[in-house]
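Protein chains: 2
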Amino acid sequence: MRDKIVETLIAAVRLGKPRAIARLITLVENSEEAAKTAVFHLHPHTGRAHIIGITGSPGAGKSTLVNEIAKAARKQNDRVAIIAVDPTSPFTGGALLGDRVRMRELAGDKGVFIRSMASRGSLGGLSAAVTAVLTILDAANFDIILLETVGAGQAEVEIAAVAHTTLVVEAPGMGDDIQSIKAGILEIADILIVNKADRAGAARTTEQLRTMLRFGEQKAWPVPVLETIAVAPTAKTGVAQVMEKITAHHHHLQTTDEGAERAKTRIRWQVEQLLHRRLLKMSQRAEIEALWDGLITAVFHHQTDPYTAANQVFTKIIHEG
Amino acid sequence: MRDKIVETLIAAVRLGKPRAIARLITLVENSEEAAKTAVFHLHPHTGRAHIIGITGSPGAGKSTLVNEIAKAARKQNDRVAIIAVDPTSPFTGGALLGDRVRMRELAGDKGVFIRSMASRGSLGGLSAAVTAVLTILDAANFDIILLETVGAGQAEVEIAAVAHTTLVVEAPGMGDDIQSIKAGILEIADILIVNKADRAGAARTTEQLRTMLRFGEQKAWPVPVLETIAVAPTAKTGVAQVMEKITAHHHHLQTTDEGAERAKTRIRWQVEQLLHRRLLKMSQRAEIEALWDGLITAVFHHQTDPYTAANQVFTKIIHEG
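Those sequence lines, one after another, are chains A and B. Under this note's numbering, think of the first position of the first sequence as 55, with each following residue one higher. Under this note's numbering, think of the first position of the second sequence as 55, with each following residue one higher.
Please note that a few of the clues may not be correct.
Identical chains share a label here; the pair holds if one copy fits it or two copies do between them.
With a straight-line cut-off of 25 Å between C-alpha atoms, the simulated DSS-like cross-links for lysine-lysine are [stated by the list, open to error]:
{"hint": "1", "residue 1": "LYS318", "residue 2": "LYS370"}
{"hint": "2", "residue 1": "LYS290", "residue 2": "LYS71"}
{"hint": "3", "residue 1": "LYS370", "residue 2": "LYS335"}
{"hint": "4", "residue 1": "LYS290", "residue 2": "LYS164"}
{"hint": "5", "residue 1": "LYS290", "residue 2": "LYS129"}
{"hint": "6", "residue 1": "LYS290", "residue 2": "LYS125"}
{"hint": "7", "residue 1": "LYS273", "residue 2": "LYS58"}
{"hint": "8", "residue 1": "LYS273", "residue 2": "LYS71"}
What the hints contain is simulated information worked out from the structure, not anything from laboratory work. These numbers come from a predicted model, not from an experiment.
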């Protein structure tokens, strides 16, 4: 029954119908079977969209910058989808509120599709949903998909890394703290942006980031550090340069081996996430659940240890699988 | 051979010898077999330490506050271990630098053990190591273990949630951005701290956090919101109140069912992490690796889809397992 609905929606999605896209995304978020069916049918029609990941410190102004990028892309006549992901928030609060601001600016434009994903599922749950949603949007013929993550933890870094081009957005003065020098985040950046560049310390932050990048290996794509002021009421400084670099990076991926290499890394990550998800679901089946209770109590009372417990669950799964 | 070393170290760890503790932690970080052996032998001797997780936004001053808590705990004659975890950083930079500041303040005190874990391993890798390290420190008879995470993403939230008592540290002015209202983080807080309370906007941030907490359900433990100034040169404002609440929360856990319930949730999470780790390792075995290459290429060329690929790897693992 649900499969039937999914298949009907798929045809409409291929024609770019916004309501069908929205409905299919909802199905995919709530049902793994729906995600499986959608990806099975739509994966052959993907590979055209340019997926741009945007991550960085909270408060760096990512959403505002994403809106400006979307507006600039619309001026180039590109169809744009925006996905805002917050893996740490189980509630709707932040994501929905952010959406409302966004809707006000971009509403009514049929070339723009906006969606928030605020659910914090079990391990691998959100990432599986994100890749299914990207498949849907790619097959729906969007030219640009902006994948914005709210935080800057490992989950966000991984999600942003699903993109073809990854923008890391920072703001001045966040570098005061020794700890905020996040090597892991700089590592995934294809384009580094110092937003709120009218704030005190912008030049210093930019210089610091450039210095840190110089310590990295010489790459075929030298990561640019750009300054932007996304909220300026009159002029949106730097957004044009960001668009240029996005296009240049897209071209770089298409004209070198890097595009295919990255795609393969992404596929492996995606399949591994699905594997983990599968294991988690199997470990929650009734006959395994019965085992859990006894094992947890035994570990709690120090009668067994966690590794031995994990081993028993694993053996049972292999046996039942 | 390695097992022999681990077993020798275990005896010294039980006596609280700092060098044995440091060596065993290094072994456990680098070898899953060592972690398994250490946890197998030491898990029976755990359950005494009070594990305190500290998380929150970057730049909120977590490290400084952790140092103050450590000093206050030492005045109560508690033996203190500090573990600083940065799951997003594959390099040493931040963590090591932070350690040096810390060492200067707490060095030479034999009742303090300090360690950074900066490795970003594969999925579940770091969390498995963290729980093994907590087992070691608990069995080494530390009274208080301070588990500090650098970021505030999902991984950090999960790691902090391993603790008995979780402190979430924020700083004034970080609440400007709609997105920084992180429901997921407030959810795990047992004690909320507004650090840098001498900064502009502190009262507003405190009030906002109290309002947000009021929207939550009524709990047996009402989450307090405390203001601190951890870097004040003369007086460390608020640290005494934090210590009081930490003790009160510990008492709350021991006198209600919540302590046991949380411990069981923690055990389940821990065993699930080990399960995922196991699956990942199996998927990397030579006979499975051979399958990967072909499948990734097929997905890349749209000859198959990621779900079908995951299914094939899973079936192969079950078959070989």
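Each hint tested on the structure:
For the homomeric pair LYS318 and LYS370, the shortest alpha-carbon distance between copies (20 Å) is at most 25 Å, but the shortest distance inside one copy (33 Å) is not. In the homo-oligomer, the alpha carbons of LYS290 and LYS71 never lie at most 25 Å apart, since the shortest distance is 31 Å inside one protomer and 60 Å across protomers. Taking identical chains as interchangeable, the C-alpha atoms of LYS370 and LYS335 lie at most 25 Å apart whether they share a chain (13 Å) or sit on different chains (18 Å). Taking the closest pair of Cα atoms, LYS290 and LYS164 come within 25 Å of each other only inside a single copy of the chain (23 Å); across copies the shortest separation is 56 Å, beyond that limit.
For the homomeric pair LYS290 and LYS129, the shortest alpha-carbon distance inside one copy (14 Å) is at most 25 Å, but the shortest distance between copies (54 Å) is not. Proximity of LYS290 and LYS125 under a CA criterion of 25 Å is satisfied intra-copy only: 11 Å inside one chain copy versus 48 Å between copies. Taking CA atoms no more than 25 Å apart as the test, LYS273 paired with LYS58 passes in neither setting, with 48 Å inside one copy and 44 Å between copies. For the homomeric pair LYS273 and LYS71, neither the shortest alpha-carbon distance inside one copy (41 Å) nor that between copies (46 Å) is at most 25 Å.
Consistency with the previously given hints fails for numbers 2, 7, 8, ordered from lowest to highest.
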